[in-house]
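Undergrad: All chains should be modelled from the sequences, with the hints used to inform the complete structure.
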Amino acid sequence: MEIPFRLNGQDATAHCDDPTTTFLDWLRETRRLTGTKEGCNEGDCGACSVIVTGPDGVPRALNACILFLPQLTGKAVRTVEGLAAPDGTLHPVQQAMVEEHGSQCGFCTPGFVTTMAAAHARGDTDHADQIAGNLCRCTGYAPILRAARAAQAVPVPAHMVEALPLAENTSAGAAGPRAEPPFAPTTGDALAALYIENPNATLVAGATDVGLWVTKQFRDLGQVIFLNRCDDLRGIAVSGDSIRIGAMTDMETVRHAIAPYHPSFAELLRRYGSVQVRNAATIGGNIANGSPIGDSPPALIALGATLHLRQGDARRDLPLEDFFIAYGQQDRRPGEFVEAVSILRQSDSLYCHKISKRFDQDISAVCAAYNLPVTDGRISAPRIAFGGMAGTPKRASHAEAVLNGQAVSETVFANAAEALKEDFEPLSDMRASAGYRLEAARGTLMGVYHQLTAGHLGDGTAPPASVLEVRA
Amino acid sequence: MSVARPLPHESARLHVTGAARYTDDIPAPAGCLHLAFGLSDIASGRLEALDLSAVRAAPGVVAVLTADDFPTMPDCSPSNHDEPLLCTGDIHYAGQALYIVVAESHLQARRAARLHVATVTETPPLLTVEDAMAAEAWFDGGPRVWSDGDVDAALDGAPNRLEGLFEIGGQEHFYLEGQAALALPGEGGEMHVLTSTQHPTEIQHKVADALGLPMHAVRSEVRRMGGGFGGKESQGNALAIASACAAARTGRACRMRYDRDDDFLVTGKRHDFRIGYDVGFDDDGRLLGVRFRHWVRCGWSQDLSLPVADRAMLHADNAYDIPAMEVTSWRLRTNTQSATAFRGFGGPQGMIGIERVLDHVAHAVGRDPLEVRQLNFYDDAGGDGPVARGAAETRNGRTHYGQEVSDFCLNAMVDDLAQRCDYVARRARVAEWNAANPVFKRGIALTPVKFGISFTLTHLNQAGALVHVYADGSIHLNHGGTEMGQGLHSKVAQVAASRFGCDPARVRITATDTGKVPNTSATAASSGADLNGMAVQAACDTIRDRIAAFLAAEHQADVSQVVFADDRVQVAGADYPFEEAAQRAYMARVSLSSTGFYATPDISWDREAGRGRPFYYFAYGASCSEVVIDTLTGENRILRTDILHDAGASLNPALDIGQVEGGFVQGAGWLTTEELVWDAVGRLRTHAPATYKIPCASDAPEVFNVHLYDNANREETVYRSKAVGEPPFMHGISVFLALSDALSSLGDGYPMLDAPATAERVLMAARARR
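Those protein sequences? They're chains A and B, same order as listed. Numbering (my numbering) for the first sequence: 1 to 472. Numbering (my numbering) for the second sequence: 1 to 770.
Keep in mind that the hints were calculated from the coordinates and are not lab data. C-beta: ideal position from N, C-alpha, C; glycine also. Each hint can be trusted.
To give an idea of the interface, some chain B residues facing chain A are shown, with a C-beta separation under 8 Å as derived from the structure: (1) R13; (2) V16; (3) T17; (4) Y175; (5) G487; (6) L632; (7) N636; (8) A654; (9) G662; (10) V677; (11) P689; (12) E702.
TA: Written out as structure tokens, the structure reads:
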């Protein structure tokens, strides 16, 4: 198949026989553009970061190692080779990296400068968050952060603005909806029709998980349906009584959209993967793959989310927690897909706490979400859900029962924490022992108690919710 | 002069534009083949049969090489001839190579390498310290013991005594560029090997042995590595040998790179240690005697484990003048990856042992750990600096291996750092915070570093260089060191430019190449600039002196009147741009090319006796870290770190600060989030960045103040600089002891925290105290 896109400001066409050819392999092996590096081949180190700009004109960093060529249809890509101006003048981020001594061995550097250039173009200045998906083993990050700060006030070079959409003559034909495999439907209706005809097909949304099936497990995906062009499955609709999130909405968009309503959920999503991962990963994928350690389901379950499924023309809704039946098993019928997830508008009483070995870009050992509305001094209809504690994202019904209707007190919370061992029998693995998971889960609940009851500090500031809020 | 200037890394522009080439970026000739190893997933046993039919039938597979294809199995070991390239029957660890797939593409080779069926008679693997001790499975013929003074008497006579035991985890290098090699077969059986290696001569030697060639038939080359940290001192041998063997057989270029998971599974890591201590001390906290026991998990082969374990013993004193000390070290053979060199080379493990002791003793006598450290320091070397606060009768100014500590400066340095970081007031504020906060506790610690500089294998302390001045005034040089990001080439170029008084832009350093400079040592032991800088200096001086002699004769002046400065050469009123001086020398038939050589003077080491002067000098530093822990979950974070580091008279302060910042964060990672987990049957479960967590940007301290300490080397090193690669790594110890300090606030008794101090270990230590 032919994939039309723009590469470093020029029209390009990638020919791929295998739709799961990664963009990284194509760049390095077919185009011999070796500035983009392979560090891990699983989207965890950022050495392969490239900037992808879609029809919305927003430049986003993505990991090229888990980006399949068909996902680039109609987009503009910029690699490290395309950051300097045509006359060779370095991009402000490149210049700052030289001046601040931001490279040592230099192998991670192309990924850093592309990620930083994407942030620079958007005007994002939360530098440590922006580069959380880029690992550097040499510098200790200090000079890289200095470079990011030094470059932030310098204007975006004109050549960084991508000319989109692609010219008609390049994007016609190949960019149209495909009737032949691999399929790339452009609407939810088309997807519904295709999927019911091909119920064994593999749906590829952001490929942050499916990508690893290919690069690490060498799984044959068989028939593939790419969802990236189903624009009507993307987006967030906030009405008077609900917030509905389309399945193809990327996690970075979800993070920003949810922040005004449930800041603790947004803070959790700040630590979901990295910028590169969140730019690719979709909320539908995070739910549909049924992982017990996906970070959005616990919070969504705690918020009482409803899942919207579609099979052909038939639609059904179910409480999100009921979707997860057992490890590797979800309530999803052949040819049925996640169309959206929605939550009711409610006053915010959500407390999320993600525990992982490293704060940023790590998979949760425990992901706790507590929705604890307090009415007339009493906890009313609490909803508690955990990831990492069972084979599925799961509610803590015993702990909920202990808290329900009670006034906030240390004893009540301690009893509820004790009840967690009735709710969960976690496993031990390389991330944490079963014993720690249970202890830490209890700790998060007691932490909520302290947040609910702690007075403000002497200087009038709120007490820290976690070590991340403690300042030097 | 170009030395001492904070010039950018010589490749900085190439780095940021993606133009810097690493081994796997180098275009290969058409028809290049790609290799992958098929790996054992069993840790210990006998390989009874290997069915490779599916491997051979896989798409793109050109050849499969097994043990049967090698009448003499090539060896990959840097030390002991105990690492067959492929399994010859005995399986030693999960990750061992069983066979080689040669295919048309990297992906095809990787895919095929999963398709074998191995029939293995499993035997119980030796995995733990206990397993290996029970089986008496050790290297070096048994434990090595070095001692000084009457330790039994010192311990028995001490007014106070305590014992402890703690575990220190290993560490994966996680160089961002994985291991890679490219072998290009030449005429007449020659082989040209491009490898991501810290040790091109070792690659040359091992490839020559594997192919049955003299060393002159093999050329080994490396322009740069994407990080090394010790992990490319010996661990690149297998890929280079495999690629060269396949290239020799097929007559085609062959390349190999490990996928990240394979890199984790196949290659060695930092040695994990168990350290036991028994210490006697007086009521003030003065150490009277210390007995250490080091249990060192070395993995399946010897590799560099003996000198690593030796260096741990040699750093068991760190900064402290201890009247009686004994260190016993068991080098244990286990069925795991063969632990190898890693920044600090055992020094960090030895050092954290004594720092833990000081901390424990301070807790026992109820004093600030910093005071107890200062009480036990060696005396500062003569001069006008302050001297130590310890009692004269307990000090002898020599280490437990008999080396005089003649350049000590930590008394003054630690005072300086304590003032800069406001240690005393902040310790009080930490206590106030802890009294007021039930959940979040802070801790602070200030720890010193004294690190010995030189290879303990004395003959390695040599280097060579080759310098050419061209008739246009440009300078091309090569030396024996390799560039892995540390800025060695930048520093060496600055040295060369300084010798010629010229603009550093005239100097180009190209790939390290065994055809240019022979018989090189690994770029390791922080020695790169010390050794190669001096060799380059010698070569430059030879050429400069020839130019000077020629110009002096031409102008009937004395040689001493020829001045090389500001990119010009001046003599007797004449003032030539450097290129004109070069051109004139060329026209006068003056040789403008020279080798240079350097061997570190004054060192001697009797390893059997454990006595001598293994180190030319010591590098020093001190760091203070403040942390916070969540006592309900164990989560923890560094809040602030201040470092003062001794790089001698720095060759390039910007690069040296980069080494200090990066070394600290890497050291902090070792002791906090970086956890290697093997399962009960010896399979490594943390084999990718998804499961093995090196620090990311937000893990660096939010407040991070790093300064160099103005302290010209007392020894005659290149421009009186000091080695800086490894010593800053050990500043990470301040983070570990700050976490321990935070735990101390939770109750009585010393918190027995193990490393790495993950959230889980911190929570469990906190729970044990309540």
